[in-house]
Each structure stands twice: as structure tokens, then as C-alpha cells.
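Novice: Residue strings, one per chain:
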Amino acid sequence: MITELGHFALILAFLVACFQATIPLVGAYKRWPGWMAVAEPAATLQLVLTGVAFGALMWAFVTSDFSLRLVVLNSHTAKPMLYKITGVWGNHEGSMLLWVLIVALFGASVAWFGGNLPPSLKARVLSVQAMIGVAFFGFILLTSNPFLRVAVPPFDGNDLNPLLQDPGLAFHPPFLYLGYVGLSMTFSFAVAALIEGRVDAAWGRWVRPYTLAAWVFLTIGIGLGSWWAYYELGWGGFWFWDPVENASFMPWLIAAALLHSAIVVEKRESLKSWTILLAIIAFGFSMVGAFITRSGVLTSVHAFATDPERGVFLLAILAVFMAGALTLFAARANVMQAKGVFSLVSRESMLLLNNILLAVAAFVVFVGTIWPLVAEMAFDRKLSVGEPFFNMAFTPFMVLLGLVLPVGAMMSWKRATLGRVLRQLRGVFALAIAIGALAFAMQTGTSALGPVGLFFAAWLVGGSAVDIWSRTGRGALGARFGRLMRLPRADWGKSVAHAGLGVTMAGIAAMMAWQVEDIRVLKVGEDLEIAGYGLRLDQVERLNGPNYIATKATFTLSENGREIATMYPEKRNYPVAQMPTTEAALNNGFLRDIYVVIGDPQQGGGWAVRSYYKPLANWIWGGSLLMAFGGLLSLTDRRYRVAAGARRAPATGVPAE
Amino acid sequence: MKRLVLLLCLMAAPLWAVQPDEILDDPALEARARDISSGLRCLVCRNESIDDSNAELARDLRLLVRERLVAGDSNEETVDFIVDRYGEYVLLKPGTGGANILLWLAGPLMLGAGLILGGLYLRRRSTTPETDVAQLSEAEEDRLREILKE
Numbered sequence: 001m002i003t004e005l006g007h008f009a010l011i012l013a014f015l016v017a018c019f020q021a022t023i024p025l026v027g028a029y030k031r032w033p034g035w036m037a038v039a040e041p042a043a044t045l046q047l048v049l050t051g052v053a054f055g056a057l058m059w060a061f062v063t064s065d066f067s068l069r070l071v072v073l074n075s076h077t078a079k080p081m082l083y084k085i086t087g088v089w090g091n092h093e094g095s096m097l098l099w100v101l102i103v104a105l106f107g108a109s110v111a112w113f114g115g116n117l118p119p120s121l122k123a124r125v126l127s128v129q130a131m132i133g134v135a136f137f138g139f140i141l142l143t144s145n146p147f148l149r150v151a152v153p154p155f156d157g158n159d160l161n162p163l164l165q166d167p168g169l170a171f172h173p174p175f176l177y178l179g180y181v182g183l184s185m186t187f188s189f190a191v192a193a194l195i196e197g198r199v200d201a202a203w204g205r206w207v208r209p210y211t212l213a214a215w216v217f218l219t220i221g222i223g224l225g226s227w228w229a230y231y232e233l234g235w236g237g238f239w240f241w242d243p244v245e246n247a248s249f250m251p252w253l254i255a256a257a258l259l260h261s262a263i264v265v266e267k268r269e270s271l272k273s274w275t276i277l278l279a280i281i282a283f284g285f286s287m288v289g290a291f292i293t294r295s296g297v298l299t300s301v302h303a304f305a306t307d308p309e310r311g312v313f314l315l316a317i318l319a320v321f322m323a324g325a326l327t328l329f330a331a332r333a334n335v336m337q338a339k340g341v342f343s344l345v346s347r348e349s350m351l352l353l354n355n356i357l358l359a360v361a362a363f364v365v366f367v368g369t370i371w372p373l374v375a376e377m378a379f380d381r382k383l384s385v386g387e388p389f390f391n392m393a394f395t396p397f398m399v400l401l402g403l404v405l406p407v408g409a410m411m412s413w414k415r416a417t418l419g420r421v422l423r424q425l426r427g428v429f430a431l432a433i434a435i436g437a438l439a440f441a442m443q444t445g446t447s448a449l450g451p452v453g454l455f456f457a458a459w460l461v462g463g464s465a466v467d468i469w470s471r472t473g474r475g476a477l478g479a480r481f482g483r484l485m486r487l488p489r490a491d492w493g494k495s496v497a498h499a500g501l502g503v504t505m506a507g508i509a510a511m512m513a514w515q516v517e518d519i520r521v522l523k524v525g526e527d528l529e530i531a532g533y534g535l536r537l538d539q540v541e542r543l544n545g546p547n548y549i550a551t552k553a554t555f556t557l558s559e560n561g562r563e564i565a566t567m568y569p570e571k572r573n574y575p576v577a578q579m580p581t582t583e584a585a586l587n588n589g590f591l592r593d594i595y596v597v598i599g600d601p602q603q604g605g606g607w608a609v610r611s612y613y614k615p616l617a618n619w620i621w622g623g624s625l626l627m628a629f630g631g632l633l634s635l636t637d638r639r640y641r642v643a644a645g646a647r648r649a650p651a652t653g654v655p656a657e
Numbered sequence: 001m002k003r004l005v006l007l008l009c010l011m012a013a014p015l016w017a018v019q020p021d022e023i024l025d026d027p028a029l030e031a032r033a034r035d036i037s038s039g040l041r042c043l044v045c046r047n048e049s050i051d052d053s054n055a056e057l058a059r060d061l062r063l064l065v066r067e068r069l070v071a072g073d074s075n076e077e078t079v080d081f082i083v084d085r086y087g088e089y090v091l092l093k094p095g096t097g098g099a100n101i102l103l104w105l106a107g108p109l110m111l112g113a114g115l116i117l118g119g120l121y122l123r124r125r126s127t128t129p130e131t132d133v134a135q136l137s138e139a140e141e142d143r144l145r146e147i148l149k150e
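Just so you know, the sequences run in chain order A and B. FYI, in the numbering used here the residues of the first sequence are 1 to 657. FYI, in the numbering used here the residues of the second sequence are 1 to 150.
None of these hints come from the bench; they were simulated from the model. Where hints are given, some of them may not hold.
Stated by the list, open to error - Straight-line Cα separation of at most 30 Å, DSSO-like style, residue types lysine-lysine; simulated pairs: (1) A:LYS552 to A:LYS523; (2) A:LYS552 to A:LYS414; (3) B:LYS149 to A:LYS414; (4) B:LYS149 to A:LYS267; (5) A:LYS523 to A:LYS414; (6) A:LYS267 to A:LYS382; (7) A:LYS382 to B:LYS93; (8) B:LYS149 to A:LYS339.
As the list claims (entries may be wrong) - What the simulated footprint calls covered on chain B by chain A, stretch by stretch (three residues with Cβ under 8 Å from a Cβ of chain A suffice, anywhere in the stretch; the number is not a length): (9) 47-56; (10) 64-72.
Note that the Cβ used here is the ideal one computed from N, Cα and C, for glycine as well.
Chain A extracted, bound-state conformation (with noise of 0.2 Å):
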């Protein structure tokens, strides 16, 4: 019963969106109050509905309902309670299901909160976010239902992935669907903003915190999946360049360009037409990401519920909103006029080439994620686009916008001088090349990757650190101190931001270069040395866990004699879905990791062990949540909170002329 209710809200979700997709529209166009006005109510039913929709579905998952085939094929009785409920969105159906409820939520969101955005904007842009959902209503409802029963129900299901189940990837979904939904957002403010037929400072103010919102979302949602590769996978891998992965990745670049962009549009009123650009493609690559995951197209190693017909279906709602706005662009594009003028040297400027490196960052990685397509269809040569491509083409760019970083970001607006920010910059920049000095004396290879990142991590925090210095203005320490209290979120979430880039970037840079691994055989009792650590296994034994079984093995890690902590890396064993895990043990401290996996018994006794000395392992994802967290403060910052309008922050110590 709970089920046919679900399904029947769904069906309903799914008219209410088509009603939302075109009557505000004709009201906008017709300047009816009224047509526009029923934007709003229709927006929050439409949540409701896709709420009830969800909430059954996950009813249906929490009771173990046998009767319907997605739970059958996704869940177990003996599975944990938390698994159960993420179980609703681990498999296709009910990730596509949590897609619309989102994309009913960032709608509803407008609705709420956008109290002083123009009425008629307000409407077109419920109008076209609606239009996203009739699309991916559509799609659920004829490609993928969820809803859909079984005739016979068994007693039991199949259980979820095990790989699964667990925390880190629990929660990455949802993040990740945030972040890619929230872009639709931008979508259709970009799409209102086009028949609307006005791009203002104010539109940049009503779609930064949108981006930002997505941006910080995806930030959450890859740093997780990535970490969940660390621990999970076995050797400790966190990157694979991998074309699931760079769905997510590329509107996490162009979104980072997007919310840099769009500070240009709503403080000085330029860049119009490239902001607007880039929020359609925002969303066309979270859309690919969809596509990608989905089709089957690019197999991967994480691709879920292939199927040619969802594909074909994803493809044509690709190009029709790609081509839909982006026709409406050309259209439009004299509408955009820049206002603002400003010179050559220019924080206008050197947001530009931000927004040139990341954007071709992004690229880069989409010719190599579908060159292996595009060579088989057109040049009929199979090949294998992998890491060693990517490392050698994306890195790059990475390395220049870490360069300019902290010069463009102390750049004043308008007119800036050059010499100036350097002399500021001086101290810091001298400081960092004396760190990576320091390491590649200290190192025994010749590499320069491992020197180069803590460059870099000096170089940003640092240059950030002095960034917001600067903002304080000249005085007494105390008074500067009080002032850098006072400063706007946004100040501080640009400086934490920055900062944590470079830190992630150290990590990275550290984990690739100085990472020490170790592979042998250990008997019970005896023990093995790496990188200064000793490592003895005390004992092996076997458990039962409450869906699986599990070999659990004992190691005492101990540092320069004096045992310091205990080990249990188990390698698991999921009867139901007849998969082995391997649940690596970590020791985790500021500057490494120690990272110990068992393996199988070897003939003439023995176990096979893996260890790993890691360094700077936990900066990648300290780094990553400092970026998120940099973000959140400025999502918070006074002129969003106060409803875009009201007061805005005074601009301390930027000289805007």
C-alpha cells in the first residue's frame, strides 16, 4: 500500500513539474501575476510529493519488502539498519529517485527564499528547473521505476554490494548528487536570465551562493569517495582517473571556475556572457556525469546499471537542455553587454585566467575521458586513456594556477600594481622555495614531485595568511587583530579555501612521491621494518561478523622500539553476495599513515602482508575539507544571509577607487 502511494506521488510529481514547466512561463511572458505566482506552491507540492515518493521507497528498504524487485536485488534482512537505509540509494533506481527529490528541492529553495528576486525572473527559473524534473521524472518513470514488483517474492534478497556498506560510501552519493543537482540551479538561472533577457550584478548575487552550494557539495562528495577508495580498496590507492570519477571531477573544475566567474559578474559587472556559458555547461557535465555512469558508453570499474535504453534517454535529455540553452545563447549573447572596464594588471584579470586554466583543465580531462570513444569510432584504434595520461596533461595546469594563485588573489578590482602585491608577497614566496629546498636536500631520490607540493601547500597558506593580513589595513597589532575578527565571511572563506588547496595539493604530491611500500609473507610472531616503523603480526583469527565473515589479524606497531598502537586488518568474506573485502587497518597521524592490509594464507605457512608508509596521507582530505569548509563561510557571509539586498558588507580595505 505504501508502496502504490509512493509511486502514485511520483506519477503525480511528475505532472505537477509539467504544469510548473509552462504555466509560470506564459505568465512571465504575458506579465499575468497570477500564472507566475502559482511557480511557488507548485514548487514545494512538487517536493512533497517526490518526498513521499522517496520516503516509501526507503519504507519499503527499512522493512525489507520482498515484494519489490529493487529491494531484492539490493537488500538483505541480516544487513545492518544504516545499510538498509542507504541501501535506497546505492543501485540506479533509487539514486535517480534521490536526483529528482534534490532537483525538487534546490526548486523549492527558490520558492522559499527568493522572496525579493523580480517575479517574473523568479518564475522562469521555477520554470526551467521543473523542466529538468519533468525531464528526469520521465526518466524514472519509463526507464527506471522503482516502484516496480516482483510476482513472486523470495524470503530473502540478495544483499547490497559489500563495498558499499560502509560509512565513507554511504554518505558520497548523496553529497555528490548535491553538488550536481545544485548546478542545475545555476542552469536555470543562466536559461531565466536568457529569455529574460537581462544579466545583472544582482543575477550574479542570486547564483554565487547556488554555485558555491554545489561546489562545496561536490567538494564533500569527492574528498569522501576518494577516502573511501583509500581505506577500502587495499593498497591505498585514493585517485584513478577513472571516467566515473571525472564525471565528478569536471563540474567540480568548472564549477570552481563558475564561482570565481561570477564574482566578476556581480561586483563588477563583467564576464557576463562566459559566466552564463559556463553555468550551462556546469550542469551539461554533471549531466555526462549521469550519462557516463549510467549508458555503459565508457565501461569503468564503477559503472552501475548499464543499459543501452537509459542511455539513449540520458543522451537525449543531454542535448536537448544543451542545445535548448545553448541556442538561446547565441540568441541572446548581445543582451550581455559588459559594463565595467578595467585594466590589464586586475583582480578582473587574473580571475580570467583562473577561469582559462580551470575551464581547460576540465577540458583536458574530458578529451581523455572520451578519447577512447572517439578513437574507436573514428580512427578504429582501441586504446586506453589511464593515470600516466592524466598525470602528464592535467598537472600542469594545476602548477600554473597554484603560481598565480595568491598574486591574483591579492589583486585590487579594476586597476592593480603588480609590484606592489609582489613586494607583499616577498617573504612568503622566499619561505617556500626554502621549504622545497629543504625537502629535496632531505630526500634520497632526485624527484622533484614531494618538494614541489610543500612549495606549493607554503605557498598558498601562506600567501592566503598574508591575503587576509593585508585586509586589516595598517595600525597597531591589536587593532588589526580586531579587525581581522571583524572581517566578512567571505574574506575568510577565500583565504581557508585557498589554503586548503594548497594543503591537498602537498598531500597528494607527498603520497606520490615518498609513499614506501612493503610486500612479503609473515608468520604468526614475526615482524617486518618500514620506513623506521616495526610492524609484528601478534595473531590471525577468524570472526563472525553480523553479514559476514571476517579473518581478523593482530599487529603491534611499534616506533623506534616503544609499541605505540594495535592493528586489526581484516579481509571479509559476504556469503549473500559471495564477495570478498579487504578492510585495510590504519594508524593515522599528521604527517602519515600507517596502512597494513592481511592477505591469504600462503603455502608453507604464512600470511601474505601488505604495509605502506604513507606520508602526508591525511592532507589530501584536510585539504579538501578545508576547502568545503572555506566555501561554507562564505555561504554564510552577511550579504546572502541578510536576503540578497539588504546591507552589504563593507568592503575593508580594498581599495575599489
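Knowing the structure of chain A, use the given hints to seat chain B on it.
Specialist: Frame of chain A; chain B shown alone:
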């Protein structure tokens, strides 16, 4: 959702990436073997190098790489040997030959184009006189003042 194919490989043979018994005694040779195998694709596990892969085939390839190195082949000869047998599909870093040059040049060309277009835009922005903001109606001006009010 993730790593399904890898799991299929795992099911067939619950093995691991590089096994203790595969490792060569000579550390220099072993380092070269690791270097080579991280650039070769496991043909049954998608988008994973044989160094990371758990599949039986990846193990065979790892052993083959080590065999060639022990026989005295250089890194290039070893890679060529494997490409001859499995095709260029096995290379995770595609060569620059033929149409692949487009793949490798995509980034630099696009960067060049971006910088030129950006530069032109900047020049236009820095030379045009400031346009009047007076395209707003009276009511809009009022509203704007209200919005921007301190």
C-alpha cells in the same frame, strides 16, 4: 556501484595485486618492473593497471614483465613485447602517433586559444570607456538604491 568489474575478477580468484612470491630479488629490477606494470592496463579489469589489479591475467602479465626484465630486456623492449601481443589497448598512456597527437595537443592548443581570446577580451575591456548604467528605469533605480543601501 563501484568497482563491479574488479569484484568480478575478485570472485574468480580472490587474489591480490602484486604477491610476495612475484617480487624479484634484485631491488633495482623489481623497481623497474613496478614502474612498467603501473603503465600497463589490466585487460579484464577496466581502467586499472596490472600493478593494482587482482585479476589472474594481471598476475600473468606481471610475471611476464619480470621474465623479460630478468632476460635482460630494456624497459622499452619489455613494453613493446607486450604491446605486440595485446595491442596498444594495453598502454595506459597512449602514444603520440597518428590521431593521438590530437589528444596530447588538446590541452596546450586550448590553453593557447583561451589565452588569446582572454587577452583580446581584456584589451577591449581596458580600452573601452565606461558605459552608462542608466539603462534602468526610474523604479528600478530606486529599488537598486534600496538594495545597495548601507
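Novice: Under the constraints set out in the numbered hints, which ones does this structure not fulfil?
Specialist: Of the numbered hints, 2, 5, 6, 10 do not hold.
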